[in-house]
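Model the placement of chain B on the given structure of chain A, informed by the hints.
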Amino acid sequence: MTTIGILALQGAVREHAVAVEKCGARAVAVKSVEDLQNIDGLILPGGESTTMRRLIDTYDMMKQLKRFISLDKPVFGTCAGLILLARTIEGSDESHIGMMDIVVRRNSYGRQVNSFETALEIKDVGNDFPGVFIRAPHIISVDEGVEILCEHDGRIVMARQDCLLACAFHPELTDDTRVMAYFVKMVRASIIARIKH
Amino acid sequence: MTKKVGTVLVKRGMAEMQKGGVIMDVVNAEQARIAEKAGAVAVMALERVPSDIRKAGGVARMADPTIVEEVMKAVSIPVMAKARIGHIVEARILEAMGVDYIDESEVLTPADEEYHILKSSFTVPFVCGCRDLGEAARRIGEGAAMLRTKGEPGTGNIVEAVRHMRKVNAQVRRVVAMNEDELMTEAKLLGAPYEILLQIKKNGRLPVVNFAAGGVATPADAALMMELGADGVFVGSGIFKSENPAAFAKAIVEATTHYQDYKLLAEISKNIGTPMTGLEMSSLTPADRMQDRGW
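Line by line, the protein sequences are chains A and B. Letter 12 of the first sequence, counting from 1, is numbered 12 in this note's numbering, and no numbers are missing. Letter 203 of the second sequence, counting from 1, is numbered 1203 in this note's numbering, and no numbers are missing.
Warning: the hint list may mix true and false statements.
[Said to hold, decoys possible] Only pairs whose alpha carbons sit at most 27 Å apart, straight line, appear in this in silico DSS-like list of lysine-lysine:
1) Lys185/A with Lys123/A
2) Lys1201/B with Lys22/A
3) Lys1073/B with Lys1241/B
4) Lys1201/B with Lys1188/B
5) Lys1263/B with Lys31/A
6) Lys196/A with Lys73/A
7) Lys1037/B with Lys31/A
8) Lys66/A with Lys196/A
9) Lys22/A with Lys1202/B
10) Lys63/A with Lys31/A
11) Lys1188/B with Lys1202/B
12) Lys123/A with Lys1003/B
13) Lys63/A with Lys1263/B
14) Lys73/A with Lys31/A
15) Lys63/A with Lys73/A
16) Lys1270/B with Lys31/A
17) Lys1037/B with Lys63/A
18) Lys1263/B with Lys1037/B
19) Lys1037/B with Lys66/A
20) Lys123/A with Lys1004/B
21) Lys1055/B with Lys1241/B
22) Lys1167/B with Lys1201/B
[Stated by the list, open to error] Here are the in silico distance ranges between beta carbons for each label pair:
23) Glu21/A with Glu1195/B: 26 to 34 Å
24) Asn1179/B with Met62/A: 48 to 56 Å
25) Arg188/A with Glu1113/B: 58 to 66 Å
26) Lys123/A with Glu1195/B: 34 to 42 Å
[As the list claims (entries may be wrong)] Stretches of chain A that chain B covers, calculated by requiring three or more beta carbons in the stretch to come under 8 Å of a beta carbon on chain B:
27) 47-60
28) 111-117
29) 122-135
Please keep in mind that the hints were generated in silico from the structure rather than gathered at the bench. Every residue gets a Cβ at the ideal spot worked out from N, C-alpha and C, and that includes glycine.
Chain A on its own, in the form it takes in the complex (with noise of 0.2 Å):
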């Protein structure tokens, strides 16, 4: 059965689960660097990304959850999570993940009393999806590779490079399951890629 980690240092751990069982697939919690060897995609939840990262390296994870990502294996980051991704942080010197080839703006909508719903126009998932941006971020610019899957307001809010997704928004606080059947489709054709090679 296709397994599916999400990373449970931090943060909205139990909503990601019961959206991946609703999809089909089986959901882990990923505490340490043993917990990664079994599983064939990662989600990195939405919470808090400094805390997220300070605990990474607290159990030195980061080598490993780099080397996840470099043997292809697909890895989804909802707003924490898409920061821990990017490339490039505004104002920040250091990135954390930093394979996304993406520049990301922290908390760009303002304070918790700027957070808001909306509904989402995004390809290949769909329209009307119900997009909740809490202290959001965004991306404010992508690379050539990367796919942009979503906007809103002239921001971009969800895009795709190869086996990573990324998006500002919090599909799993939703009943709507299209995103989350979205990333369990690219673990499973990762799979198949990999049984091909």
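Only chain B this time, still in chain A's reference frame:
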């Protein structure tokens, strides 16, 4: 496409993102930076931590806006602040300043001894304390998007937080196991809105996250509360009243994430210095008990 701010989903979702994390009380920018560096998911900006509020006596009010602003400028993680129970205007001021979450808190002296704030009428989300499911459900009914145990703030004694977490969770389990035709009477007995109990029965859990608060002083205390089902931990006096705040802050963050890794808990509890001095509950007079504030 229209944007909707301050929706139930956006407010509750914000609290969901804090899960598994530690929210730390701070009184200035320097402490806020120590908390952020240690991996706190948010800070609570205050004029005094609860143990100092206890010592100072008198009326405890919303913090000076200068302190809240100083903290907001110092860190990029969310900033919470406390308003007095029922003090609508303190809450509106904090909302206007752009704080990310308001704690309608029994740590401050209540402004209203009968009514809480109608939290659903605000764009900013609220967290409230609870000792049992009746109190928890009333606060959710008023629009709280996050709960925490009351515990007994500023004591460094975990016993009351344990009591409150166990009680709420036992009552939730009871509601989930009940027949639907028993819920109205249960609502009457608990003093809880019927609709909230229906939601709990349907979803098998509270509709908002419930953090531990009030007495967390050590990494083991934080892990204990997670073991008992807390979604995360508030630490008030426990960090900046300890001997080595930076070490305590970091250790409590790690303990909250890895609360079931006991070997690791032993490691992170080593050489972090002395925790805050604790207070025995029997030494408190009824007037000292902050947890009895709230209705």
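So, going through the hints one by one against the coordinates:
no.	hint	in the structure
1	Lys185/A with Lys123/A	holds, 15 Å
2	Lys1201/B with Lys22/A	holds, 21 Å
3	Lys1073/B with Lys1241/B	holds, 23 Å
4	Lys1201/B with Lys1188/B	holds, 16 Å
5	Lys1263/B with Lys31/A	holds, 15 Å
6	Lys196/A with Lys73/A	holds, 15 Å
7	Lys1037/B with Lys31/A	holds, 20 Å
8	Lys66/A with Lys196/A	holds, 23 Å
9	Lys22/A with Lys1202/B	holds, 18 Å
10	Lys63/A with Lys31/A	holds, 15 Å
11	Lys1188/B with Lys1202/B	holds, 19 Å
12	Lys123/A with Lys1003/B	holds, 20 Å
13	Lys63/A with Lys1263/B	holds, 24 Å
14	Lys73/A with Lys31/A	holds, 18 Å
15	Lys63/A with Lys73/A	holds, 15 Å
16	Lys1270/B with Lys31/A	holds, 22 Å
17	Lys1037/B with Lys63/A	holds, 21 Å
18	Lys1263/B with Lys1037/B	holds, 24 Å
19	Lys1037/B with Lys66/A	holds, 23 Å
20	Lys123/A with Lys1004/B	holds, 23 Å
21	Lys1055/B with Lys1241/B	holds, 13 Å
22	Lys1167/B with Lys1201/B	holds, 17 Å
23	Glu21/A with Glu1195/B: 26 to 34 Å	holds, 28 Å
24	Asn1179/B with Met62/A: 48 to 56 Å	holds, 51 Å
25	Arg188/A with Glu1113/B: 58 to 66 Å	holds, 59 Å
26	Lys123/A with Glu1195/B: 34 to 42 Å	holds, 39 Å
27	47-60	holds (count 7)
28	111-117	holds (count 7)
29	122-135	holds (count 4)
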